[in-house]
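Read top to bottom, the protein sequences are chains A and B.
Numbering-wise, our numbering comes out as the position in the first sequence, counting from 1, plus 552.
Numbering-wise, our numbering comes out as the position in the second sequence, counting from 1, plus 552.
Hint data in this document are derived by calculation from the structure and do not stem from the laboratory.
Heads up, some of the hints might be wrong.
It does not matter which identical chain is used: a pair holds within one copy or between any two.
Computed cross-link-like contacts, SDA-like style, restricted to lysine to any residue with a CA-CA straight-line distance of at most 25 Å [to be verified]:
| # | residue 1 | residue 2 |
| --- | --- | --- |
| 1 | K639 | I882 |
| 2 | K848 | E598 |
| 3 | K880 | D605 |
| 4 | K609 | K897 |
| 5 | K639 | N654 |
| 6 | K760 | G1021 |
None of the values given here were measured: they were computed from a predicted structure.
2 protein chains.
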Amino acid sequence: MAKAITSRSEDYSQWYIDIVKRAGLADNSAVRGCMVIKPYGFAIWEKMRDQIDLMFKETGHVNAYFPLFIPKSFLSREAEHVEGFAKECAVVTHHRLMNDPNGGGVVVDPSAKLEEELIVRPTSETIIWHTYKDWINSYRDLPLLINQWANVVRWEMRTRLFLRTAEFLWQEGHTAHATREEAVAEAELMQKVYADFAEQYMAMPVVKGTKTPNERFAGAEETYTIEALMGDGKALQAGTSHFLGQNFAKAFDVKFLNENNVEEYVWATSWGVSTRLLGGLIMTHSDDDGLVLPPKLAPTQVMIVPIPKPAVEIDEAAGIIMKALKAKGISVDYDTDPKKRPGFKFAEHELKGIPVRIGIGKRDLAKGTVEIARRDTKEKTFQPMEGVAEYIEQLLEDIQNNLFDRAVQYRADHTTSVDNFDDFKEVIESKGGFVSAHWDGTDETEKKIKELTKATIRCIPLNAEEEEGACILTGKPSKRRVLFAKAY
Amino acid sequence: MAKAITSRSEDYSQWYIDIVKRAGLADNSAVRGCMVIKPYGFAIWEKMRDQIDLMFKETGHVNAYFPLFIPKSFLSREAEHVEGFAKECAVVTHHRLMNDPNGGGVVVDPSAKLEEELIVRPTSETIIWHTYKDWINSYRDLPLLINQWANVVRWEMRTRLFLRTAEFLWQEGHTAHATREEAVAEAELMQKVYADFAEQYMAMPVVKGTKTPNERFAGAEETYTIEALMGDGKALQAGTSHFLGQNFAKAFDVKFLNENNVEEYVWATSWGVSTRLLGGLIMTHSDDDGLVLPPKLAPTQVMIVPIPKPAVEIDEAAGIIMKALKAKGISVDYDTDPKKRPGFKFAEHELKGIPVRIGIGKRDLAKGTVEIARRDTKEKTFQPMEGVAEYIEQLLEDIQNNLFDRAVQYRADHTTSVDNFDDFKEVIESKGGFVSAHWDGTDETEKKIKELTKATIRCIPLNAEEEEGACILTGKPSKRRVLFAKAY
Chain A
553 MAKAITSRSE DYSQWYIDIV KRAGLADNSA VRGCMVIKPY GFAIWEKMRD
603 QIDLMFKETG HVNAYFPLFI PKSFLSREAE HVEGFAKECA VVTHHRLMND
653 PNGGGVVVDP SAKLEEELIV RPTSETIIWH TYKDWINSYR DLPLLINQWA
703 NVVRWEMRTR LFLRTAEFLW QEGHTAHATR EEAVAEAELM QKVYADFAEQ
753 YMAMPVVKGT KTPNERFAGA EETYTIEALM GDGKALQAGT SHFLGQNFAK
803 AFDVKFLNEN NVEEYVWATS WGVSTRLLGG LIMTHSDDDG LVLPPKLAPT
853 QVMIVPIPKP AVEIDEAAGI IMKALKAKGI SVDYDTDPKK RPGFKFAEHE
903 LKGIPVRIGI GKRDLAKGTV EIARRDTKEK TFQPMEGVAE YIEQLLEDIQ
953 NNLFDRAVQY RADHTTSVDN FDDFKEVIES KGGFVSAHWD GTDETEKKIK
1003 ELTKATIRCI PLNAEEEEGA CILTGKPSKR RVLFAKAY
Chain B
553 MAKAITSRSE DYSQWYIDIV KRAGLADNSA VRGCMVIKPY GFAIWEKMRD
603 QIDLMFKETG HVNAYFPLFI PKSFLSREAE HVEGFAKECA VVTHHRLMND
653 PNGGGVVVDP SAKLEEELIV RPTSETIIWH TYKDWINSYR DLPLLINQWA
703 NVVRWEMRTR LFLRTAEFLW QEGHTAHATR EEAVAEAELM QKVYADFAEQ
753 YMAMPVVKGT KTPNERFAGA EETYTIEALM GDGKALQAGT SHFLGQNFAK
803 AFDVKFLNEN NVEEYVWATS WGVSTRLLGG LIMTHSDDDG LVLPPKLAPT
853 QVMIVPIPKP AVEIDEAAGI IMKALKAKGI SVDYDTDPKK RPGFKFAEHE
903 LKGIPVRIGI GKRDLAKGTV EIARRDTKEK TFQPMEGVAE YIEQLLEDIQ
953 NNLFDRAVQY RADHTTSVDN FDDFKEVIES KGGFVSAHWD GTDETEKKIK
1003 ELTKATIRCI PLNAEEEEGA CILTGKPSKR RVLFAKAY
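Could you put the whole structure together from the sequences, leaning on the hints where they help?
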């Protein structure tokens, strides 16, 4: 608790790093670009993962596990995929070390060179579709609705904790279907699952849309995305779901006999979210005092602090409250550390984003009350001991809703419609946020706008209304607005 | 369901592979030595993992995540560790592929050679203790009780699904303590947690003991093990917990200021179980008809089969039973597939090891009864619909207990005390199982016995009584019996 967190207005990037490190979420490691996810960060990730996993299972998916390594030749099978993923990756070339004949430590054993190099998976379409070839013969084997939780590696040049790391944790769903329609419906369903999770659990509003061809996943026919807006006005791609057509089925020769006994290629989807979501969570809600967590994802939802220190009657009151909260499935802890003063504890629990703090002092207790502070608004009230669990149950719900509403309002305040390129540049450079504008639908214009402003098309919103307009750059006709932003 | 499973008596190894593949647990992959864990196998692993994770948390541990890669030089820091783990491993030497200038696919970009090679973690002591140096300063930072669930890679030459694979899933606990006593107590506690899990959930009895110096983990001062006996009389090391002394603290310079403000090296433990446990589960209980699962780890505990096919009154009865079972937290499914006959379904559910099957036919239903078959003994009984959920709840408990008792009996029948080397060889070669015998305590004798018989000392049992005896090989004095066996 020594030095303060850099304020957002002073340096948003440094503020983010301060939060991640000081709240004990993650740290850099000895391996370039790879992070250590610390216990508190991992506890939040576990809550996110468990909820997402439940939502997958409720929509009929099962988990499996595929190899970490992908034979190099697999990556070349799907032409676009190799362009997108075979570039910056970790390549295993040898399978043995030996003692250095010259002394110092161990060296690679040159005799243990692999016949074919192995790539540490950057994503698993190729190894999985190679496997599906053995699993799929007939329409009776379809659909195949499989997900895996795994680590993947992409050799990123510039990394940021959670947002972009060489190794990260994610889930990747890989489904196989008998028809185009079914696969498209699956890709859309998973986009909806992601959006529901982001909004209902992370309290992070997202725009559902599709990517432009230029921003699609390498090998996809359509990429569905959820896009969130961070506290600095930059967008975050929070999850994507891809309709892969028959591209991977053709690349790995995966066919099935349909009900009419005719052989067809299988239709595919893939979809993923990662530990990047933790970055989104931080940048959606947190403030200059530290992390702010939505109650549904907080490892500890309520912290009780004795004022100024534990005492028989305070311990007793804390015990009663804890029992009542636990009976309601609310996680609660009692900070009895005798070495720290209440003010220090308050700051520490605020830094960690614990949604509700209960302060119990003897004088208040004599009046039958305790002090309750909420992390989101910093408001404090005195509440009677009687019914305090019910009060807190409702308060947690209120906090969850308030965080969402606040983020929706922020997004509304930071979404601007513009109709010419001067306004576009002005808004992108000063105010930031989402900019809704007309675009002529070409790769060329999209790239030119990016070059000139660093803004990219985040998505073509699903709910975009048809509206005749003119492209902000070229003036060519456009049928609907798309959403631009600078992005992480 | 085409061809039968090889019988255990005919070929135990092939029987094992048949079970793993035909029950849909795992398969070989395109990558040498790496397996694909299929959805049904993964569902069992999830149940195991979730229970183990709960037991870790109940004993005060938290999860975190450390990098997949270990800088090569880290492995050399602890002298014994490098001998044990730096040999057969996956070595990342490059971080980029490029299009083959000669056409065909992609090749390693020679300009993207890493300055220092990275090893795909075979175990994480080194990277974790490097990290702990930053986390530990004072006695107030201790104990550090951290676990991670991860994939690890050891380049095994001969692999077997679940039992020994190049990549496997596991958990590895890494704790840091202020005193030797506390670290030893932690290592012992985790051995107990593993034993409790094996016995109470897997219904797999284990012997708790310590390893001989020769069989210790590379870098440990003491290795605590749980050893199980498989259906072919071979032993399986099912989990280990290591007291690491100050070896890793010294290698990575991790010191703390104790309460007297004196600097000391930190004391360490590490402990792990892996997907190997799935192999143990299979070989402890399964039979020639397929998998046999203890109810506590069965993804589906009860399967209802309509006889011969769904009908209004059968569906209704199934609905009533499912509702009653689910209310008790029992997982149940109803096999309504119209294309398969009951006999086919029975065989399929037996192959998958589903503990209880309920057959519902119209005639029985008219009498108010359903047929209940248990997977472990194959016994069938007719039970009144009234109270069937209570009956099944008790039956699942009986099956769980019966599997454990049966395995305990098997182990008792296959544990032999011998007092001379001729008997030893005879038992090891014919009957197999655990052989309890005196040993003179030297590495040399242990290695000689292994050379002559392929049997190794599985452990020095914790409960071994002091008993004066003579080593079966050398005749030298021995103070207690140790447990030998051929092992996986």
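Worksheet item: Which hints from the list above does the structure break, by number from lowest to highest?
Response: The structure conflicts with hint 1 only, although it agrees with all the remaining ones.
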